[in-house]
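Put together the whole structure using the sequences plus the hints.
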Amino acid sequence: MTRTLLLEDLYLGALLTLLVLIVVRNYRLSVWFYIAHSCLLGLIYVWYAWNMDNPMLYIWFGTTILSQAVIIPFAPGGLFYTIRKCNATETKPIIPLGPSIVFAALIAIGAWNFFHYIIEFIAPTPAAILEPARSNLAVAFTIFAFGLYTLLARRDAIKTVLALCIMGNGIDLTLVDLTPEMAETAILGILTDVIISVFILLYISRLIYQKFGELDTLKLSELKY
Amino acid sequence: MKETTSILLIAPFLFPALASLTVALFGRKKGFLREGVSLLGVFFSLLLSCWFCHGTIYSAGGGRVFTTFYRNIFMDGFGSMMAVLVNLMLLLILLYSFTHMKTLVDEGKIREESLRFYYALVSAFNATMMLTFIANHLILFFIAIEASTLATAQLVGFFRDKRSLEAAYKYMVLVIVGIAFSLMGCVLIYSASVPHLTGVNAVLLTEIGTIANIIPKNVALLAVAFFIIGFSTKGGLIPFHAWLPDAHSEAPAPVSALLSGLIIKIGVYAFARTVTVFCRHYPVIILYVAAVACISMLLGILLALAQNDLKRLLAASSVSQISYIFVGLAMGSYVGIYGGIFHLVNHSMLKTLLFLTAGLLIFATKTRKISDMGGLYHAMPVTSVCFFIGGLGIAGMPLFSGFHSKFAIFVALGQQQLWWALAITVFTGILTLSVFAWAGSRIFWGRPASSEAADAVKEVSFAMWAPVVIIAGLVVVIGLCPKIIYPILDSASQSILSVAEGGR
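Chains as they are written, first to last, in our numbering: chain A, 3 to 227; chain B, 13 to 516.
Since the hints were derived computationally from the structure, they do not count as laboratory data.
Every value quoted in this text rests on a predicted model; they were computed, and no experiment measured them.
Errors might be hidden in some of the hints.
To be verified - Within a straight-line C-alpha distance of at most 27 Å, the following computed DSS-like cross-link-like pairs (lysine-lysine) qualify:
1) A/Lys213 to B/Lys182
2) B/Lys121 to A/Lys213
3) A/Lys87 to B/Lys174
4) B/Lys114 to A/Lys213
5) A/Lys213 to A/Lys94
6) B/Lys121 to B/Lys182
7) A/Lys213 to B/Lys381
8) B/Lys174 to B/Lys381
9) B/Lys182 to A/Lys94
10) A/Lys221 to B/Lys121
Claimed, not checked - Distance windows between CB atoms, simulated:
11) A/Asp11 to B/Leu30: 47 to 57 Å
12) A/Trp52 to B/Ile226: 47 to 57 Å
13) A/Leu14 to B/Arg175: 36 to 46 Å
14) B/Ile19 to A/Gly64: 47 to 57 Å
15) A/Leu193 to B/Ile19: 16 to 26 Å
16) A/Phe116 to B/Leu492: 28 to 38 Å
Cβ atoms here follow ideal geometry from the backbone N, Cα and C, with glycine treated the same way.
Structure representation (structure tokens):
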């Protein structure tokens, strides 16, 4: 039982660090929280690897830490590099802080209720109806939805890139929560973590900053319908 | 269905990949190491795919499938047909780009050094396309789709000006989000099928048919909804189309042709491999896709009617035409799939033809606005004939190739008794004809904006129009005698159906 509690704490920690990284407008702080979030993600894989006796998940832990917490933030052309080259503070978002938190809470409560009361309707596996899978599924889905929300509500290019990473993490958590006992799960998770897309997007963002002088995607309005 | 193990299957992927690497490393100067190597990569890939295509069709006692690496890599009729089509179009697009990109350098729009990246990226794109068609492993498949986006994003933003960078940014963000959605669908399918299949088989594309009606109905529908969002973003159906007109219009002409003729077909290919399989078991999907695609085809052609920019007009028409393919494939019947695939082939050739023709027109007149062109028929006879062949083909006029494929889709819609959808598809066809008739008459017979500008226009050189004329010739031949490609289309349709029925 205590073991399950630990897992739920990890999921909750991942969710809270995510919330901070989304609402904070200081990019350095935001990226540090992203690193913390990725480390928690890695620990979740370790928990599953330990308890489900699936050693492949340790490798996934390694690649997640390497790619999300080291390469994406620190590599040349990565997040910190782009922040240094462009702006360290995010452009004012479309939806400000207060309503953002209300929306986030609504998404979380909605997902929680959905996965606790209506999950039988679409549960892909029999285990998904039971604890702890359904609580964790709720959190994973919330993370995916937060990513989508960030994509829609924030107008800065770097935040958009972070949002894409977050959506990917939500998918990974769903995957590991639904089938933690399969070795293929880890392969699936490792290979779909395409970090090149992040680097190319950041490269295009830097070019946009050079041409437009800012990273506000709402100002990208040269092309209309 | 017979299986032949052949390690050669990875060669159509390896040749362009090696060519890309060589060009990226050594292609500093014009010549063999740049243009020659990229052309050779496509050419060898084309030869091999032709060989595989022949092997899948003409084998004793019906279709054959080539596999290797424990069925993780495979090629059936559909995959080999796509490989031949893509390589053939890419070969012609490359031939066209040799002169086109050189003129862009001469005009000072791009630097000579960046040509190296152009050819390297086109070859890399070719490699990712081939990887998509040989992948049977779901993850390999997704990586290939993602990689094709990454390879072309730089090509869309090739001019590095404000407009093209904006287009590239939109393209990347939207398509990556779309792919994330379809990955979510893939995770659902995978987790639902794990109890029914052993782990290794749960991630094979060809096994989806066997579990399509075993897994819980609502999971299947949810996953299909995610797939439809993802693949129609890649394909450019209307609620998810925002990237398409921008990316198509801001890229260099050969890249526009590549995007419209080849890239959006990846969305269609993935759709045929996944959603079509489910359509046979859940009729509600047929209705849903038909509704989305009908809205998309009507709004797409209305968008085209409102355009004054030639490339944006063609892009909007792509949105409309790709919907025909989605409708056909969603029907799940033989005629529907046959029509969808036939239209896929036609649209690929016709849109390549039209975008390359548009490139010639823009090169000759130095403008993209239809209202600034006019009276070009006498100055550019070859180009005008090619444009009309493309326009009439897209509109589905009898004696042109588009007619046969659209007619098959009409028949499939009639079989499903979706009369409203049939009415919309026919009406869209008429609108398409009017769009191209208007644009064609304005460009070639209309009054020129100024007489000096009209006098300065000359027909482009042979090296530029020759690849375009080859595609136009192909279109005419297929239109007059569709029988010659029937065996390929038949084998492709049969292979999709056999996967849907559980991969026998």
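For which of the previously enumerated hints does the structure constitute a violation, in increasing order of number?
12, 14 and 16
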